[in-house]
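Trainee: In the order they appear, the protein sequences are chains A and B.
Numbering of the first sequence is given in this note's numbering, commencing with residue 1378 and proceeding in unit increments.
Numbering of the second sequence is given in this note's numbering, commencing with residue 2 and proceeding in unit increments.
These aren't lab readings, by the way, just hints derived from the structure by calculation.
Do not rely on the hints blindly, as some may be mistaken.
DSBU-like mimics (lysine-lysine), calculated; alpha carbons at most 30 Å apart, straight line [what the hints assert, rightly or not]:
| no. | chain 1 | residue 1 | chain 2 | residue 2 |
| --- | --- | --- | --- | --- |
| 1 | A | K1601 | A | K1517 |
| 2 | A | K1601 | A | K1590 |
| 3 | A | K1511 | A | K1478 |
| 4 | A | K1478 | A | K1508 |
| 5 | A | K1465 | B | K177 |
| 6 | A | K1404 | B | K144 |
| 7 | B | K179 | B | K235 |
| 8 | A | K1461 | A | K1384 |
| 9 | B | K3 | B | K177 |
| 10 | B | K3 | B | K174 |
| 11 | A | K1590 | A | K1627 |
| 12 | A | K1627 | A | K1601 |
| 13 | A | K1484 | A | K1508 |
| 14 | A | K1384 | B | K174 |
| 15 | B | K144 | A | K1384 |
| 16 | B | K182 | B | K226 |
| 17 | A | K1517 | A | K1590 |
| 18 | A | K1478 | A | K1465 |
| 19 | A | K1484 | A | K1511 |
| 20 | B | K232 | B | K179 |
| 21 | A | K1465 | A | K1384 |
| 22 | A | K1384 | B | K3 |
| 23 | B | K52 | B | K182 |
| 24 | B | K232 | B | K3 |
| 25 | B | K144 | B | K177 |
| 26 | B | K144 | A | K1590 |
| 27 | A | K1384 | B | K232 |
| 28 | A | K1508 | B | K144 |
| 29 | A | K1404 | A | K1478 |
| 30 | A | K1461 | B | K144 |
| 31 | A | K1627 | A | K1461 |
| 32 | A | K1478 | A | K1461 |
| 33 | B | K179 | A | K1384 |
| 34 | A | K1484 | B | K182 |
| 35 | A | K1508 | A | K1465 |
| 36 | A | K1384 | B | K182 |
Covered stretches of chain B (chain A as the covering partner; in silico rule of three or more C-beta atoms under 8 Å from a C-beta of chain A) [said to hold, decoys possible]:
| no. | stretch |
| --- | --- |
| 37 | 36-43 |
| 38 | 49-58 |
| 39 | 76-83 |
| 40 | 137-149 |
Ideal placement from N, C-alpha and C gives every residue a C-beta, glycine not left out.
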Amino acid sequence: MKDNRLKGIIALAVVTVISFGVIYGSKILVKDNTTNGNTTDNNQNQQDLPGAIDVSGAEGIVSARELTDDSGNVTGYSVVSEAKGFAKPVTWEIIFENDAKTIREVKVVSHAETPGYGANMEEESYLNQFKGIKAPIYLKGQAPASDAGSESGASDTTEGFKDGIYRVESEEMDNGYYYMLTLKVENGAITNVVFDGMNELGEYKSYLSSVGKYVMTEDGLTWKEQADALAQYVIEHQSVEGLAVDENGKTDAVAGVSISINNFLELAEKALEMAATGEGAQNAGGDNAPVSADGEFGEIDAISGATFTTNAILELVNNAYEFIKNYAGK
Amino acid sequence: MKARYPMEAFALAMVIFSQNMRDALITGILILLIATLGLVLDGSVGIRLPKWSRISCSIILMVSLTYSLFQIVLRAILGYNIDTSTSIFHIFLGLLIANHILYGEEDRNYNLLLLEGAGAFATLLIISIIREFMAEGTVYGFKLAEINFRSNGFTHVVAGFILAGLGLAVLNKIFKYKDVKSEGIYVILPVALLVQPFTIDSIESSVGMVIAILAVMFMVYSINKHLVFSKLSKEIKNLPAELVSAGMVYMILSMF
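Chain A with its partners taken away, still in its complex shape (with noise of 0.2 Å):
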């Protein structure tokens, strides 16, 4: 019994000692991992290196040095800038032209999101979204309006709607989920509708739906693919006039939509009156234009089902933005 006993204990402290290895091990490998080096260390190496700014006291700005010619002209600035991600803080490095606003390159320095969602930011055709754009960016579409257009940032036209972009969300969570509507008008005709739902985690019901991870039925159309069918009812028709419910929120006016509409009506009749008006209206900058028309701002794409690595990124890049053109003085 009581050599059992010794022998328990001596097991304890095996364990023990090989727990204390495993998660001193997975420390450094996770840190390896999400730093490439210690950000301490950068910030150090960049604060060694030629033309090192001083960041005390800048908030979110880990380091910044200017980056020069052979004859010491500044030819750009290079800022490093953190943002709280999902898990733990984002750190880029941005690379501005010497105007101190319009993006050169980004790179990542660490990060430790999910992979196969904020860790995509990692890939290049995300990154080289923000070759060459201004500085303060935007998500598309949610960009300020421009002070050189209406004051609401709706612009007249001789049509029934006001160009903009008027985007609408729900007050409340509904299963699980609250919904958004974006309604984009050009010309004074609706040429855009984007409706999703977002839950808790920050996934949208439209990337769940097309991953096979929010599934309704086997052999009809799936949320997403709904949710479109919809807008394009609402582009066709410049209305949701004919959109009848029964009492259970479904509609037999769209082929193959079979889920409840009540939340698309509720956000788009809501959309189409701001339209009317043009009260509420963002500016309509085009998908395609990745920087704005008077070249204020940029426009990016947000990442897939990661909220909050999406708004971390927005948050570095607009510091670092903030900070040097401070520094610079323009």
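Using the hints provided, position chain B relative to the given structure of chain A.
Mentor: Chain B alone, transformed into the frame defined by chain A:
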């Protein structure tokens, strides 16, 4: 015959915490540590307590210890972000470890506990490597290869259930376990409670959740009743067969 290592706790870890090697490594070693600590404490203090007190003390101690240790290691030391459902799974792990301490082999052999626990830990790591590599092309977050046949399906609990069942069957064969007594329901129920295979849009979400849980449990129960009369090899009988059947049930119900 009873398992000498916390089989149900490792089975739950193989289903839920094997999506990537990072989680599997920490979960496996902590299960082994907590189970060993629990057995040593029970052997020196627990046996002196009346039965009713021993049971409640063991459950409270194991659950609180498991929850606290996972929070300290994952959140404070490694800086991971833990969501609520993961924390609830940690509580279930504590309950399964307490179950092993209270109702496991009475003649405790610590040598075999470490040996078989290490085997289960290794199986957990192998499953995590398979799932992470097939889903992301990475191992421990490091990209190994750009593979074209990646599939998100490996992150789903279906893959967890099936690989856990196969892994435990292999372990039973290696450890020469025959018809080992285990409760598959203890592993499947927590998963069904927190990860439903389908959602029903047209009704209240909580009602839809209850229907999904009941559907899983009913189907798993029905299959297990049928399996009683099946001629299975002794290694795959009980927990491994129940886990694989739960995986099949999830696969079928996920279509809806």
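Trainee: If a hint holds in the structure, say so; if it does not, say that too.
Mentor: Now the hints, each set against the structure:
1. K1601(A) - K1517(A): 19 Å, holds
2. K1601(A) - K1590(A): Holds: K1601(A) and K1590(A) sit about 12 Å apart, inside 30 Å.
3. K1511(A) - K1478(A): Holds, because 5 Å separates the two Cα atoms, which is no more than 30 Å.
4. K1478(A) - K1508(A): 12 Å, holds
5. K1465(A) - K177(B): Outside the cut-off at roughly 44 Å; violated.
6. K1404(A) - K144(B): Distance ~18 Å between K1404(A) and K144(B) Cα, so the pair holds.
7. K179(B) - K235(B): Answer holds: K179(B) to K235(B) is near 5 Å, not above 30 Å.
8. K1461(A) - K1384(A): 47 Å, violated
9. K3(B) - K177(B): 12 Å, holds
10. K3(B) - K174(B): 14 Å, holds
11. K1590(A) - K1627(A): 23 Å, holds
12. K1627(A) - K1601(A): 16 Å, holds
13. K1484(A) - K1508(A): 11 Å, holds
14. K1384(A) - K174(B): 26 Å, holds
15. K144(B) - K1384(A): Violated: K144(B) and K1384(A) sit about 42 Å apart, past 30 Å.
16. K182(B) - K226(B): It holds: about 16 Å lies between the C-alpha atoms, which stays within 30 Å.
17. K1517(A) - K1590(A): Distance of about 26 Å is within 30 Å: holds.
18. K1478(A) - K1465(A): With a Cα-Cα distance of about 27 Å, the restraint between K1478(A) and K1465(A) holds, given a limit of 30 Å.
19. K1484(A) - K1511(A): 16 Å, holds
20. K232(B) - K179(B): Given pair K232(B), K179(B) holds - Cα atoms ~14 Å apart, limit 30 Å.
21. K1465(A) - K1384(A): With Cα atoms ~41 Å apart, K1465(A) and K1384(A) exceed 30 Å; violated.
22. K1384(A) - K3(B): 20 Å, holds
23. K52(B) - K182(B): Measuring from Cα to Cα gives roughly 22 Å; hence the hint holds.
24. K232(B) - K3(B): 21 Å, holds
25. K144(B) - K177(B): Since the Cα atoms of K144(B) and K177(B) sit roughly 37 Å apart, the hinted pair is violated (cutoff 30 Å).
26. K144(B) - K1590(A): 24 Å, holds
27. K1384(A) - K232(B): 40 Å, violated
28. K1508(A) - K144(B): 25 Å, holds
29. K1404(A) - K1478(A): Given pair K1404(A), K1478(A) is violated - Cα atoms ~38 Å apart, limit 30 Å.
30. K1461(A) - K144(B): 23 Å, holds
31. K1627(A) - K1461(A): 41 Å, violated
32. K1478(A) - K1461(A): Judged against 30 Å, a Cα distance of about 23 Å means the pair holds.
33. K179(B) - K1384(A): 26 Å, holds
34. K1484(A) - K182(B): 55 Å, violated
35. K1508(A) - K1465(A): 25 Å, holds
36. K1384(A) - K182(B): Holds - the C-alpha atoms of K182(B) and K1384(A) are around 25 Å apart, at most 30 Å.
37. 36-43: Coverage by chain A holds here, the residue count being 4 at a Cβ distance below 8 Å.
38. 49-58: As far as the stretch 49-58 of chain B goes, the hint is violated, because 0 residues have Cβ atoms under 8 Å from chain A.
39. 76-83: holds (count 5)
40. 137-149: holds (count 5)
Going through the hint list in order, the structure does not satisfy hints 5, 8, 15, 21, 25, 27, 29, 31, 34 and 38.
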